[in-house]
Amino acid sequence: MDNVLPDHFKTERLLLRKPAYADAAEIFSRYAQDTAVSRFMTWRPLARLYEAQAFIGQAIDDWDKGTRRAYVLELAPRGDGPVGMLDARHINRHTIDVGYVLARPQWGNGLMPEALSALTAIALSYAAIFRVQATCDVDNIASARTLEKAGFAREARLERYLVHPNIDDAPRPCFMYARCR
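Residues in the sequence shown are numbered consecutively from 1, following the UniProt record's numbering.
Mixed in with the good hints there might be a few duds.
[What the hints assert, rightly or not] Across the chosen pairs, the derived CB separations fall in these ranges:
#1 PRO45 <-> LYS10: 27 to 35 Å
#2 GLU12 <-> ALA54: 32 to 40 Å
#3 PRO105 <-> ALA47: 19 to 27 Å
#4 PRO45 <-> ALA20: 17 to 25 Å
#5 ALA22 <-> PRO171: 18 to 26 Å
#6 ALA156 <-> ARG93: 19 to 27 Å
#7 TRP43 <-> ALA127: 29 to 37 Å
#8 ASN109 <-> ARG39: 16 to 24 Å
#9 CYS180 <-> ALA47: 36 to 44 Å
#10 LYS18 <-> ARG78: 17 to 25 Å
#11 ARG78 <-> LEU162: 15 to 23 Å
#12 ALA22 <-> CYS180: 33 to 41 Å
#13 ARG104 <-> ALA20: 20 to 28 Å
[Unchecked claim] Taking lysine to any residue and the SDA-like style, the derived pairs with C-alpha atoms no more than 25 Å apart in a straight line are:
#14 LYS149 <-> ARG172
#15 LYS10 <-> ALA118
#16 LYS65 <-> ARG78
#17 LYS18 <-> SER125
#18 LYS10 <-> TYR161
#19 LYS149 <-> PRO105
#20 LYS10 <-> LEU162
#21 LYS149 <-> ALA54
#22 LYS65 <-> GLN106
#23 LYS149 <-> ASP62
#24 LYS10 <-> ARG172
#25 LYS65 <-> PRO105
#26 LYS149 <-> GLN106
#27 LYS10 <-> PRO105
#28 LYS65 <-> ARG93
#29 LYS18 <-> ILE167
#30 LYS10 <-> GLN106
#31 LYS65 <-> LYS149
#32 LYS65 <-> GLY108
#33 LYS18 <-> TYR161
#34 LYS10 <-> ALA47
#35 LYS18 <-> ARG172
#36 LYS149 <-> ALA22
#37 LYS10 <-> LEU49
#38 LYS10 <-> ASP139
#39 LYS65 <-> ALA144
#40 LYS149 <-> ASP169
Calculated from the structure, these hints are not laboratory results.
Glycine included, every Cβ here is placed at the ideal spot set by N, Cα and C.
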């Protein structure tokens, strides 16, 4: 399914763009090996740079195929490397699922709600897109607040939904959030 989302866009404080192979080292050093950042993620903290390089390679391949947009977030206007990522993929013709990660020094600054709000507004401006959704672990209060600040509404509690391997190897309950038009 072709992705209708733009190749890049800006918010008041952020540049969101396609990842580049050169981003891997910064992603690795800034947040991908941070245990606090990865706590509620579906991946374990990265131990080697090549893991970040493989992740970026896959993100670029998916982008080029049109199946996924894993935007790199940079602080504007400096654009001095990744501080996080915002991932968006079609799960069907009318729904986009999003996920995100942000370097710990940027937590609490309102950057992710800003990025999510902008991406969601863009997505919902397309005639074919009616829903943007995200899930978060029931214990991830900060992520739930991020989604609420971005205008998402909690729809459900999904039992045994996602494995967050830094907490448990069994699927954990998650909240489903969505913003619809």
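Right, here's what the structure says about each hint:
1. As the Cβ distance of PRO45 to LYS10 is approximately 30 Å, the hint placing it in 27 to 35 Å holds.
2. A beta carbon spacing of about 33 Å between GLU12 and ALA54 agrees with the range 32 to 40 Å that was offered as a hint.
3. A hinted range of 19 to 27 Å for the beta carbons of PRO105 and ALA47 is consistent with their spacing of about 21 Å.
4. Taking the beta carbon of each, PRO45 and ALA20 are about 22 Å apart, inside 17 to 25 Å as hinted.
5. Judged by the Cβ atoms, the range 18 to 26 Å given for ALA22 and PRO171 is violated: they are separated by roughly 35 Å.
6. The hinted range of 19 to 27 Å is satisfied by ALA156 and ARG93, whose Cβ atoms lie roughly 21 Å apart.
7. For TRP43 paired with ALA127, a C-beta distance near 34 Å keeps the hint of 29 to 37 Å intact.
8. As the Cβ distance of ASN109 to ARG39 is approximately 19 Å, the hint placing it in 16 to 24 Å holds.
9. A beta carbon spacing of about 39 Å between CYS180 and ALA47 agrees with the range 36 to 44 Å that was offered as a hint.
10. A hinted range of 17 to 25 Å for the beta carbons of LYS18 and ARG78 is consistent with their spacing of about 18 Å.
11. In this structure the supplied range 15 to 23 Å is violated for ARG78 paired with LEU162, their Cβ-Cβ distance being about 34 Å.
12. Checked against the given bound of 33 to 41 Å, the beta carbons of ALA22 and CYS180, roughly 37 Å apart, stay inside it.
13. Hint check: ARG104 to ALA20, Cβ distance near 23 Å, so the stated range 20 to 28 Å holds.
14. A distance of roughly 24 Å separates the Cα atoms of LYS149 and ARG172; the hinted pair therefore holds under the 25 Å criterion.
15. Our distance criterion of 25 Å between C-alpha atoms is met by LYS10 and ALA118, whose separation comes to about 8 Å.
16. Pair hint LYS65 plus ARG78 does not hold up; C-alpha atoms about 29 Å apart against a cutoff of 25 Å.
17. A C-alpha spacing of about 20 Å is found between LYS18 and SER125, which places the hinted pair at or below 25 Å, so the restraint holds.
18. Straight-line distance between C-alpha atoms of LYS10 and TYR161 comes to about 33 Å, which puts the hinted pair past the 25 Å bound.
19. Straight-line distance between C-alpha atoms of LYS149 and PRO105 comes to about 19 Å, which keeps the hinted pair within the 25 Å bound.
20. Of the pairs offered as hints, the one joining LYS10 and LEU162 is violated, with about 31 Å between alpha carbons and a cut-off of 25 Å exceeded.
21. Straight-line distance between C-alpha atoms of LYS149 and ALA54 comes to about 32 Å, which puts the hinted pair past the 25 Å bound.
22. Our distance criterion of 25 Å between C-alpha atoms is broken by LYS65 and GLN106, whose separation comes to about 31 Å.
23. This hinted pair does not check out: LYS149 and ASP62 have alpha carbons roughly 29 Å apart, beyond 25 Å.
24. Restraint check for LYS10 and ARG172: not satisfied, since their Cα atoms lie roughly 34 Å apart, outside the 25 Å limit.
25. For a cut-off of 25 Å, the pair hint linking LYS65 to PRO105 is broken: about 33 Å separates their Cα positions.
26. Using a Cα cut-off of 25 Å, the hinted pair LYS149 and GLN106 holds, with the two alpha carbons roughly 16 Å apart.
27. For a cut-off of 25 Å, the pair hint linking LYS10 to PRO105 stands: about 21 Å separates their Cα positions.
28. Under the criterion of a C-alpha separation no larger than 25 Å, the hint pairing LYS65 with ARG93 is consistent with the structure, at around 16 Å.
29. Distance hint between LYS18 and ILE167 is unfulfilled; the C-alpha atoms sit about 30 Å from each other, more than 25 Å.
30. Among the hinted pairs, LYS10 with GLN106 is consistent with the structure: their alpha-carbon atoms are about 17 Å apart, no more than 25 Å.
31. Distance hint between LYS65 and LYS149 is unfulfilled; the C-alpha atoms sit about 31 Å from each other, more than 25 Å.
32. For the proposed pair LYS65 and GLY108, the alpha carbon gap of about 34 Å is over 25 Å, so the pair is violated.
33. Taking the CA atoms of LYS18 and TYR161, the gap is about 29 Å. The hint is violated against a cut of 25 Å.
34. Proposed proximity of LYS10 and ALA47 is contradicted: the alpha carbons are some 32 Å apart, above 25 Å.
35. Restraint check for LYS18 and ARG172: the C-alpha separation of about 31 Å exceeds 25 Å, so the hint is violated.
36. Taking the CA atoms of LYS149 and ALA22, the gap is about 32 Å. The hint is violated against a cut of 25 Å.
37. Distance restraint check for LYS10 and LEU49: the Cα-Cα separation of roughly 28 Å exceeds the 25 Å cut-off, and the hinted pair is therefore not satisfied.
38. With a CA separation close to 31 Å, the supplied pair LYS10 and ASP139 exceeds the 25 Å bound.
39. Distance hint between LYS65 and ALA144 is unfulfilled; the C-alpha atoms sit about 31 Å from each other, more than 25 Å.
40. Restraint check for LYS149 and ASP169: the C-alpha separation of about 30 Å exceeds 25 Å, so the hint is violated.
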